[in-house]
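Participant: Build out the structure end to end from the sequences listed, making use of the hints.
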Amino acid sequence: MSETMHVAVMEGIGKMSYVRRPIPIPQANEVLVKLEYVGICGSDMHYYETGAIGDYVVQPPFVLGHESSGTVVAVGSNVSHLKVGDRVALEPGKTCGHCEFCRQGKYNLCPDVVFFATPPVDGVFQEYVAHEADLCFKLPASVSTLEGALMEPLAVGFHAANQGGAHAGQTAVVMGAGCIGLVSMMALKAEGVSRVYVVDVMPKRLDKALELGADGVINGAQEDTVASVLKLTEGKGCDLVIETAGAEITTRQAIHMTKKGATIVLVGYSKTGELTLPISLALDKELTFQTVFRYRHIYPMAIDAVATGRVNIKGIVTDIFDFDHIQNAMDNSVADKANIVKAVVKITKEDCFQ
Numbered sequence: 096m097s098e099t100m101h102v103a104v105m106e107g108i109g110k111m112s113y114v115r116r117p118i119p120i121p122q123a124n125e126v127l128v129k130l131e132y133v134g135i136c137g138s139d140m141h142y143y144e145t146g147a148i149g150d151y152v153v154q155p156p157f158v159l160g161h162e163s164s165g166t167v168v169a170v171g172s173n174v175s176h177l178k179v180g181d182r183v184a185l186e187p188g189k190t191c192g193h194c195e196f197c198r199q200g201k202y203n204l205c206p207d208v209v210f211f212a213t214p215p216v217d218g219v220f221q222e223y224v225a226h227e228a229d230l231c232f233k234l235p236a237s238v239s240t241l242e243g244a245l246m247e248p249l250a251v252g253f254h255a256a257n258q259g260g261a262h263a264g265q266t267a268v269v270m271g272a273g274c275i276g277l278v279s280m281m282a283l284k285a286e287g288v289s290r291v292y293v294v295d296v297m298p299k300r301l302d303k304a305l306e307l308g309a310d311g312v313i314n315g316a317q318e319d320t321v322a323s324v325l326k327l328t329e330g331k332g333c334d335l336v337i338e339t340a341g342a343e344i345t346t347r348q349a350i351h352m353t354k355k356g357a358t359i360v361l362v363g364y365s366k367t368g369e370l371t372l373p374i375s376l377a378l379d380k381e382l383t384f385q386t387v388f389r390y391r392h393i394y395p396m397a398i399d400a401v402a403t404g405r406v407n408i409k410g411i412v413t414d415i416f417d418f419d420h421i422q423n424a425m426d427n428s429v430a431d432k433a434n435i436v437k438a439v440v441k442i443t444k445e446d447c448f449q
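Quick note on our numbering: the sequence shown kicks off at 96 and runs consecutively.
There may be inaccurate statements among the hints.
What the hints assert, rightly or not - With a Cα cut of at most 27 Å, we get these calculated DSS-like pairs of lysine-lysine:
1) K178 <-> K129
2) K299 <-> K326
3) K331 <-> K354
4) K110 <-> K326
5) K409 <-> K380
6) K201 <-> K233
7) K331 <-> K366
8) K441 <-> K299
9) K432 <-> K409
10) K441 <-> K189
11) K233 <-> K129
12) K299 <-> K189
13) K366 <-> K110
14) K432 <-> K380
Derived from the structure by calculation, the hints contain no laboratory data.
Facilitator: This is the structure we're talking about:
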């Protein structure tokens with residue numbers, strides 16, 4: 096093994112390049128993973144386009160990427176549950192373990208989390224990473240490392256479904272058919288929700304939703320979304336809405352399309368950070384609002400759902416880019432959102448950079 100590795104860095108808004116850095120040495124509780132696939136997340140694209148998300152500001156050179164998987168190539172002295180050769184999916188956030196939220200099991204709310212590709216913490220668009228062994232989940236033989244890299248967004252989908260109390264007998268609507276909308280739809284189906292409809296304005300994304308198991312789709316640009324949901328539910332409204340678009344109009348529609356006593360789960364971030372909503376109607380209906388911030392205790396569930404065939408996670412992938420074409424990967428992901436539903440970067444390639 097070489098002593099250095101290639102790392103893709105963001106040098107500024109819209110500009111990627113490569114540097115060489117030392118391959119990390121795993122600490123006692125860590126494993127060294129040779130990365131094979133890293134997904135391009137919406138947050139990666141937002142940092143790439145604007146240089147910041149809220150208070151998190153990129154200071155170049157910065158490494159993007161937090162959806163990852165690969166093969167263990169070295170283990171720390173205290174690690175016993177993993178060995179060299181194991182294929183793993185990496186949960187990207189290391190928490191403190193002792194704050195009130197960690198002690199309650201709600202570790203995704205830990206204020207001191209160290210999370211890949213959240214400034215100032217570098218991400219994993221690189222060939223190797225040393226990571227906490229307890230955050231590296233072994234993949235069964237039936238699950239590929241491509242699928243392993245997609246466990247991170249799938250975990251968001253399952254957390255959204257869990258926050259909404261998803262169960263058999265319900266009719267649910269997912270607002271938005273991007274990556275998170277699609278994984279939310281598949282999580283709802285895997286948890287037994289009887290009917291799941293998906294709303295978007297991009298035909299290719301709606302086609303993908305049908306391909307992956309949606310019971311029906313609604314093109315919000317061509318039809319009245321609320322009227323369509325009411326028609327599909329014989330005027331009753333739906334039991335559950337997962338809102339992933341982060342838009343005011345779709346959140347308002349969610350309040351109008353639900354039946355009394357329903358639940359709305361807010362997943363998508365609005366561009367402004369603020370929404371004006373018909374709260375009087377929400378009160379009259381006694382709606383329950385839940386929110387989602389990442390996930391907790393989900394990776395084993397997500398891996399099992401893929402291993403048993405209940406979720407076709409690789410089906411969300413529309414584009415795979417080689418690591419030595421990272422500039423092209425980012426540019427295309429940003430510019431062609433109507434056609435690229437989910438892009439993944441293949442890190443491992445025999446002739447990469449030669």
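Participant: Return the numbers of the hints above that this structure violates; sort them in rising order.
Facilitator: When the structure is compared with the hints, numbers 4, 5, 7, 12, 14 turn out to be violated.
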